[in-house]
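Protein chains in written order, with our numbering: chain A, 1 to 447; chain B, 1001 to 1447; chain C, 2001 to 2447; chain D, 3001 to 3447.
These are computed hints drawn from the structure, not numbers from a lab.
Keep in mind the model is a prediction, meaning the values are calculated, not measured.
Wrong hints could be hidden among the right ones.
To be verified - Straight line, CA to CA, 20 Å or less: simulated SDA-like cross-link-like pairs of lysine to any residue: (1) D:K3402 with C:Y2261; (2) C:K2402 with C:Q2085; (3) C:K2434 with C:F2403; (4) A:K402 with B:A1271; (5) D:K3324 with C:D2446; (6) D:K3400 with C:Y2261; (7) D:K3324 with C:G2401; (8) C:K2402 with D:D3446; (9) A:K434 with B:S1266; (10) C:K2402 with D:W3269; (11) A:K402 with A:Y94; (12) D:K3324 with C:P2385; (13) C:K2402 with D:K3231; (14) B:K1434 with B:N1275; (15) C:K2231 with D:L3174; (16) D:K3419 with D:T3032; (17) A:K402 with B:S1266; (18) A:K284 with A:K300; (19) A:K231 with B:K1434; (20) A:K119 with D:L3174; (21) D:K3284 with A:F88; (22) C:K2402 with D:R3325; (23) C:K2434 with D:D3267; (24) D:K3402 with D:P3173; (25) B:K1284 with B:L1174; (26) D:K3284 with D:H3445; (27) A:K434 with A:T278; (28) C:K2402 with D:R3103; (29) A:K212 with A:H445; (30) A:K212 with B:V1232; (31) D:K3231 with D:P3208; (32) A:K402 with B:G1256; (33) B:K1212 with A:D236; (34) B:K1284 with C:K2231; (35) C:K2400 with C:Y2094; (36) C:K2400 with D:A3271; (37) C:K2402 with D:Y3082; (38) C:K2212 with C:K2231.
4 protein chains.
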Amino acid sequence: MQELTPPIAAERKDSRLDRPELAGYFKRIRRTTEALCAPLATEDYVVQPIADVSPPKWHLAHTTWFFETMFLERLKSDYRVYHPQYAFLFNSYYQSLGDRWNRPQRGVLSRPTVSEVYKYRAAVDQSMLALIDEIPEPDWEAVSRLIVLAINHEQQHQELLVADMKYILGANPLHPVYRAKGAEAPVAGRSGGTNPARAGDLQYVQIPAGLKEIGFEGGGFCYDNEQPRHKVFLQDFLLANRLVTNSAYLEFVLDGGYSDYRHWLSDGWDAVERNGWTSPLFWKQVDGDWYEITLQGLLKLHPEQPVCHVSYYEAEAFASWAGKRLPTEQEWEVAANLNAAAVEDGNFLDSELFQPTPLGPAPGSGQVSQLFGDVWEWTQSAYLPYPGYRHEEGPLGEYKGKFMVNQMVLRGGSCATPKDHFRITYRNFFQPDKRAQFMGIRLAHDR
Amino acid sequence: MQELTPPIAAERKDSRLDRPELAGYFKRIRRTTEALCAPLATEDYVVQPIADVSPPKWHLAHTTWFFETMFLERLKSDYRVYHPQYAFLFNSYYQSLGDRWNRPQRGVLSRPTVSEVYKYRAAVDQSMLALIDEIPEPDWEAVSRLIVLAINHEQQHQELLVADMKYILGANPLHPVYRAKGAEAPVAGRSGGTNPARAGDLQYVQIPAGLKEIGFEGGGFCYDNEQPRHKVFLQDFLLANRLVTNSAYLEFVLDGGYSDYRHWLSDGWDAVERNGWTSPLFWKQVDGDWYEITLQGLLKLHPEQPVCHVSYYEAEAFASWAGKRLPTEQEWEVAANLNAAAVEDGNFLDSELFQPTPLGPAPGSGQVSQLFGDVWEWTQSAYLPYPGYRHEEGPLGEYKGKFMVNQMVLRGGSCATPKDHFRITYRNFFQPDKRAQFMGIRLAHDR
Amino acid sequence: MQELTPPIAAERKDSRLDRPELAGYFKRIRRTTEALCAPLATEDYVVQPIADVSPPKWHLAHTTWFFETMFLERLKSDYRVYHPQYAFLFNSYYQSLGDRWNRPQRGVLSRPTVSEVYKYRAAVDQSMLALIDEIPEPDWEAVSRLIVLAINHEQQHQELLVADMKYILGANPLHPVYRAKGAEAPVAGRSGGTNPARAGDLQYVQIPAGLKEIGFEGGGFCYDNEQPRHKVFLQDFLLANRLVTNSAYLEFVLDGGYSDYRHWLSDGWDAVERNGWTSPLFWKQVDGDWYEITLQGLLKLHPEQPVCHVSYYEAEAFASWAGKRLPTEQEWEVAANLNAAAVEDGNFLDSELFQPTPLGPAPGSGQVSQLFGDVWEWTQSAYLPYPGYRHEEGPLGEYKGKFMVNQMVLRGGSCATPKDHFRITYRNFFQPDKRAQFMGIRLAHDR
Amino acid sequence: MQELTPPIAAERKDSRLDRPELAGYFKRIRRTTEALCAPLATEDYVVQPIADVSPPKWHLAHTTWFFETMFLERLKSDYRVYHPQYAFLFNSYYQSLGDRWNRPQRGVLSRPTVSEVYKYRAAVDQSMLALIDEIPEPDWEAVSRLIVLAINHEQQHQELLVADMKYILGANPLHPVYRAKGAEAPVAGRSGGTNPARAGDLQYVQIPAGLKEIGFEGGGFCYDNEQPRHKVFLQDFLLANRLVTNSAYLEFVLDGGYSDYRHWLSDGWDAVERNGWTSPLFWKQVDGDWYEITLQGLLKLHPEQPVCHVSYYEAEAFASWAGKRLPTEQEWEVAANLNAAAVEDGNFLDSELFQPTPLGPAPGSGQVSQLFGDVWEWTQSAYLPYPGYRHEEGPLGEYKGKFMVNQMVLRGGSCATPKDHFRITYRNFFQPDKRAQFMGIRLAHDR
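Bound-form chain A, shown alone (with noise of 0.2 Å):
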């Protein structure tokens, strides 16, 4: 891991990156993928608690067949397949990329082994450092982009990576530990040093009504739906300076949240009895006290710490119930574009990997603080297409376009979002029911 190049912050800001550069940030990546699985036992790399969740096996050959068929097998002249199963076994969702193992089916597969499967990936990254080298100059900035879309897909697959190494530990009742507690937990919004140990006061932060714009523009890697960027108007709102905490989400839980139908939307009832919910995922009662699971392994609930783990159903009732309500994706974008300096401090996934802290969302203070890293922050978006929106040519279309129905946005990334996969503009989403990943809650209302 020390070899590990920092981050270099023009290679994504502009995607006309010079060969020696595009290899730095796809060797850094790829390490990086590699270095969050050091902590497992082999054993953690094979087991898939639930559909959703994805062995961390199958995620290390899974980002690799992805730059094998998007890459090597086009354009490599003398590649040869590295094994013709692969594509089979690795595929996750591209319909034009062929037949695929059944997803819920990837927990069922001991082999190829783990150690197979990093063979994969050396051979792989050894082609593609050749292939870097080989690009015709006229085809170069047409592939690196290309290059670059694929690395930011093994990035996001670092979030979903670290999300899924937490549910395996998590369903264990053993509590194994991935990382254990060191320092005090980081901070967010920690401008001029200062770490406090409690979130500061809870104020809403008026924006006035006005004629907006939203979206990415400039250049740089998007993904196709941050784009067209486009007006939209906004009425007068107020935005919450920090997230939900942890104490305050238990004042919910409390006052009989769980119980109380009336705060909830129909489909979050249905899921709340559905599911027997009666706290965020990884909440534990035990003989009286609240635990959370975490990396570092069964803790008592951090009161201060932003709630993580809840749903949009449970966002949204959280809301109700405190008498404000979820702010829409545009009110987030325009409130984030006025804080835009603060995402340097943003409590993301890189600084983790260089230093000894745990691996979790920090409690927040100041003006507008936690915009950027700690939790995503669900918003009363469905995920849809912006006006104008037209999706990647070829499989990569297949990307981001077939999902906007039945998903809600979350803004802001994560702790376990690399920091530089992230933009102001970037839109994540999930099912209204999904907990595993590290979503939270920022309120605002109306004037």
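Starting from the known structure of chain A, fit chains B, C and D onto it as the hints suggest.
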């Protein structure tokens, strides 16, 4: 049926009806529900082919219970509940109004019999009419507004009832007829009395970008989800002048539309595979010819009529195949406001009751036709609250707000919508896999 | 109903009936089925509360289709099928007789209506009676034997019909009454005309070991599964002189029987947990008192009547709790042969039709009572072929043989079994989790 | 593995082993379990492809927990439980021994790791050997008998382990090999040392009617379900001299056996349709040729080997197609007693461990061959108690008796059955749709 008084236009434009007006409105709507059931055999009132379809008997009783529990039990001093178990049997989803019989089990109940349900209706009608006379003057405005809401609730069930009767008869391999085929199908946009047998040419009408207003405003009745009226910024867009026809949709089918994942949203493709969809609901191929199950029995597919009984997934896939998209609900409402006069000529339910025409959508022609009536038009908008939305107080707060997730908005009413129940601002909504209502497609595209 | 001719004992003891005898037998059984439905409302004919329960309308039509397809279509020269779709709708499970409407969907069909079904019955009856006259003399023996079998088939459906009507009315929270309570319950083993209101003392009758014979032999009608008659060696055993009563079973319930896994077979315990069983089907506790849903409505649990509507799992668990076991079917048949004269006094269905008594089991007393009628007695024997078993030729070969796995044998008939349908060698069989039939418990133990 | 002591024939024929004998027996069986796992990769120990298949890691731990909970916790004065959670994780179905981790979730647990499980085994082994030394003389007979039972329990898990390893590797599209193919397959009934490569001619051996005795009797160990020995009367019957071969079964497949309902029990036909069965488990057609997944990888189907991995439904359907039937377990035991000497030559598990032969069934020839070893033979008998059956006291009472419903008996042992675990009276049992064990077919017919 001949006793039915014609709709009093005034009565719902302004909720300040006087007592005779409200009594007349009430009687007319209550009788209309029963008139809709007149063609049924006793057995047809009882069955529930799928969980989403309720037995007609249930609709008759549920709307009655709604008046009983909302008004008679609360406001009529000496009122004795008609039957102690009916609240349990006929509550639909109002958690605040007590326990409910499990929805998918409605078709299990042979009792109360149909004639007992009609007796229940008659008794409640009588008490309601007495109540309308007795409401103290100071309460009149508030109570009469709620009674208008409850009447609208029954009208909404009339539309569901038509769809459910179609499903019940349509699910039967004997293809029973609800109403025999009479004269030619009515034609929407029929000003001037000409009834074109064919749909007009498909054209796209341009609507320029700008800051617009949508949502309900003014006197008269509306649901809470249509408010508040608010500004939205729309980009330039073009809207089709008529609905997609059966023949156009058949091209999609014959082009392999249901076996090519590329046209479909991911959840849509899952629905196709899970449900084995190969055409709209009620289409049927017999010896190479295409037929459609209608309320007139099994008929040859009418090429010029609008396609009907398609899910959002199918509407979206068709639009994708056609290189177009669905309009948003904001776009639809803005366009509808430009054609507001056409509401009067819409192919709605009421006309059906007074003339021997089939109950179904009709071919469209003209500048912009079929916006009102015929079939509900799927929009690309998720069903979400308007900015500043507040739900009704009390049990009626459960009526619209708690469904604001996982559903898509439909606009424009259908041939099963009572005309005086409809408004341009009316927001209908269903899950994207639902097909049993009279639902169709109008295309749009960006400039 | 007054036209019903009394059972001709001779007619089924010997299959060589003459034409008037067979015609009389046929008419009597057909009318009995309709008489059983007389108390129903039209709506009751239609519904199907669970997949295992068929709508009464379906029984009426299915038994009719059976005569039509087995005899009229094959043997009546000029016969035109009554309706081309009825074979599809009313075939139960005869694969050799073509496609079938899906069983759990029987309650979806509102058409044909009840009166159409009765017309179908009348038409087929008329043709059948004509056919009985027309069968050529050389075919008489073979054909009349098959007609007797088809009549027995209808009688078997009479029993299912009674249970299904009970379930349909019992599933309704309004507790509708099939037949109002009249005189005292009949008493099994009522020789001498005394009607004990109480069950006699429980005693065990010893039956010595030895080589015995069981299975049907001789003239007259039987199903293929009762043959061949064969030798079995039985150890010494003791058999209870009467059925287990409600009060005895209530002791088991109150002793925590349904919450102690130790009494249960593994699959039985799964069924308890999966279905949430806490008592027999139709038992209901209201304000601390125990009630039972009967065909006379909701009545206080009768302590002296035999427990009824228990599954094999419950019968086996009760026996285990009581330190006893269930008899095998061989043991039962040997004991029954020792008491063969009591068949005449059994509490069967027929008497019910001609006198104003309730339709349900009755208290037993005497030496060995209640062997015949009252409730079917679960045995510890799996339903398997007798040594040397051969199934019927043709479609009727599907009638009994193909169910010889995963089912347990019940013996002795019930209060819903037509008396002249019953034989001592009769083998009834159901899956061990079924409870909807009139099923009860007789204990046995080893010496 | 070279340390393994050869089986002491005496040790299980008589439960009165002395301390060194029992210690030797214990060590040998414990090491055999581990030797069976030697070819596995770590990842193979973890996965659970279907609920019925347990991870090898689980078998290793469960059998260890069984010794710990049954003996060390109860009898060893100073014993401290190895890990407080292991009882929860590794109890299989013993309700009396506390809560259990949900069976279908065994493959979710990555921890304890494989090496932690081996450490657990070593620790318990050491304590058990100490305990064997310490048991007070007066308790020796009772306790040593129970230890023999627990050793048999582990041997039973060895057989399940072999089947589960086959399933785990077989479910993987990479077709991993458990043990590479070595010499020719062993041949059952190999007296004289000749190893016929072909199955002998199919003949039927007649066994005359009469009063027979079956069930275990005498010293030595047996399960409770093999007792008491009792008399049965059998009719004349004929039994095939060898098992049904792959080539004979292939005829059934090619004759359309899986698409003709007439051969099947009703539940069997449902299983065919529900599961999409078209051949035995592990058969696979590639480019027109038939292959079989074996522990040696994917091999061409061996026509002379006995068909294996068929359900009861398939065995019964094949017999029906062939105009024969399956034997009852009584018939099988009577025939086996006539050939008791052949047990020694059976193709059982033990020989496998000491010689480089494949682990699988082998062709049979000779008078009556393959009765012992090769594949378990489905009988037509349901798994039910013998007359006078009494289950063990205490937790072991749950071992066999509570499964006596819904299962069919198999007889004769298989190539995965440890030879010294087998007895002629041994009753194996599975649900009729199970195919994962080494299960095959021997035909019988009536005279």
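Which hint numbers doesn't this structure obey? 2, 5, 13, 15, 19, 24, 26, 28, 34 and 37
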